[in-house]
Amino acid sequence: MGLDMYACTLRSQPASPVDFDGKDATELHYWRKHPNLHGWMERLYREKGGADDRFNCANLQVTPEDIDRLEAAIRANALPETEGFFFGISDGSEIEDDLQFVVKAREAVAAGLTVFYTSWW
Numbered sequence: 002m003g004l005d006m007y008a009c010t011l012r013s014q015p016a017s018p019v020d021f022d023g024k025d026a027t028e029l030h031y032w033r034k035h036p037n038l039h040g041w042m043e044r045l046y047r048e049k050g051g052a053d054d055r056f057n058c059a060n061l062q063v064t065p066e067d068i069d070r071l072e073a074a075i076r077a078n079a080l081p082e083t084e085g086f087f088f089g090i091s092d093g094s095e096i097e098d099d100l101q102f103v104v105k106a107r108e109a110v111a112a113g114l115t116v117f118y119t120s121w122w
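In this note's numbering, each number is its position in the sequence shown, counted from 1, plus 1.
By construction, these hints were calculated from the structure, which means they are not laboratory data. Think of the CB as a built atom: it goes at the ideal place given N, C-alpha and C, for glycine as much as any other residue. A portion of the hints provided could be inaccurate.
[Stated by the list, open to error] Cβ pair distances, simulated, as ranges:
(1) Met2 / Ala111: 35 to 41 Å
(2) Asp54 / Ala16: 19 to 25 Å
(3) Met2 / Asp53: 18 to 24 Å
(4) Gln14 / Phe86: 30 to 36 Å
(5) Ile90 / Ser13: 35 to 41 Å
(6) Asp98 / Ser17: 27 to 33 Å
(7) Asp54 / Gly113: 32 to 38 Å
(8) Arg44 / Phe86: 15 to 21 Å
(9) Asp54 / Ala112: 30 to 36 Å
(10) Arg33 / Pro81: 17 to 23 Å
(11) Gly50 / Gln101: 24 to 30 Å
(12) Asp54 / Gly93: 25 to 31 Å
[Stated by the list, open to error] Pairs of lysine to any residue residues, derived as SDA-like cross-links and limited to a Cα-Cα distance of at most 25 Å, are as follows:
(13) Lys34 / Glu82
(14) Lys34 / Gln101
(15) Lys34 / Asp98
(16) Lys34 / Gly3
(17) Lys24 / Asp67
(18) Lys105 / Gln14
(19) Lys34 / Asp67
(20) Lys24 / Gly113
(21) Lys34 / Arg70
(22) Lys49 / Thr27
(23) Lys24 / Ile68
(24) Lys34 / Ala79
(25) Lys105 / Gly93
(26) Lys105 / Phe21
(27) Lys24 / Arg44
(28) Lys49 / Ser17
(29) Lys105 / Ile68
All chains, please: the whole structure from these sequences, using the hints.
Printed below as a string of structure tokens:
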């Protein structure tokens with residue numbers, strides 16, 4: 002049990018930036034128990050109108066602008082401290098992996114794919 006986090010791609014644009022069907026998705030990146038990144042994504046989800054109270058199994062489109070903001074937060078060590086049941090602890094060792102995601106996400110967008118985040122805990 003714990004926080005499993007995924008970045009995925011779709012060939013099509015979802016009708017909404019949040020809470021859309023991602024059944025035809027392809028996995029792009031995976032994190033395990035990185036709550037601070039999850040907290041950053043939850044804030045973005047709320048900004049975009051997401052309504053899932055627990056932000057669990059909720060899909061969130063990540064745009065090129067979001068990727069830029071995320072990269073800046075990662076480089077500034079500014080991901081929000083986030084806690085949750087079975088979430089684990091972000092300890093800073095995730096930075097290189099997070100930046101690898103940024104590169105992969107930009108490549109996916111350049112290839113015409115939609116990038117989104119989802120999690121399950």
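Here is what the structure says about each hint:
no. : hint                       : result
1   : Met2 / Ala111: 35 to 41 Å  : holds, 36 Å
2   : Asp54 / Ala16: 19 to 25 Å  : holds, 22 Å
3   : Met2 / Asp53: 18 to 24 Å   : holds, 19 Å
4   : Gln14 / Phe86: 30 to 36 Å  : holds, 34 Å
5   : Ile90 / Ser13: 35 to 41 Å  : holds, 36 Å
6   : Asp98 / Ser17: 27 to 33 Å  : holds, 29 Å
7   : Asp54 / Gly113: 32 to 38 Å : holds, 33 Å
8   : Arg44 / Phe86: 15 to 21 Å  : holds, 19 Å
9   : Asp54 / Ala112: 30 to 36 Å : holds, 34 Å
10  : Arg33 / Pro81: 17 to 23 Å  : holds, 19 Å
11  : Gly50 / Gln101: 24 to 30 Å : holds, 29 Å
12  : Asp54 / Gly93: 25 to 31 Å  : holds, 29 Å
13  : Lys34 / Glu82              : holds, 13 Å
14  : Lys34 / Gln101             : holds, 17 Å
15  : Lys34 / Asp98              : holds, 13 Å
16  : Lys34 / Gly3               : holds, 7 Å
17  : Lys24 / Asp67              : holds, 22 Å
18  : Lys105 / Gln14             : holds, 18 Å
19  : Lys34 / Asp67              : holds, 21 Å
20  : Lys24 / Gly113             : holds, 18 Å
21  : Lys34 / Arg70              : holds, 21 Å
22  : Lys49 / Thr27              : holds, 23 Å
23  : Lys24 / Ile68              : holds, 22 Å
24  : Lys34 / Ala79              : holds, 17 Å
25  : Lys105 / Gly93             : holds, 20 Å
26  : Lys105 / Phe21             : holds, 22 Å
27  : Lys24 / Arg44              : holds, 23 Å
28  : Lys49 / Ser17              : holds, 9 Å
29  : Lys105 / Ile68             : holds, 10 Å
Violated hints: none; the structure is consistent with every hint.
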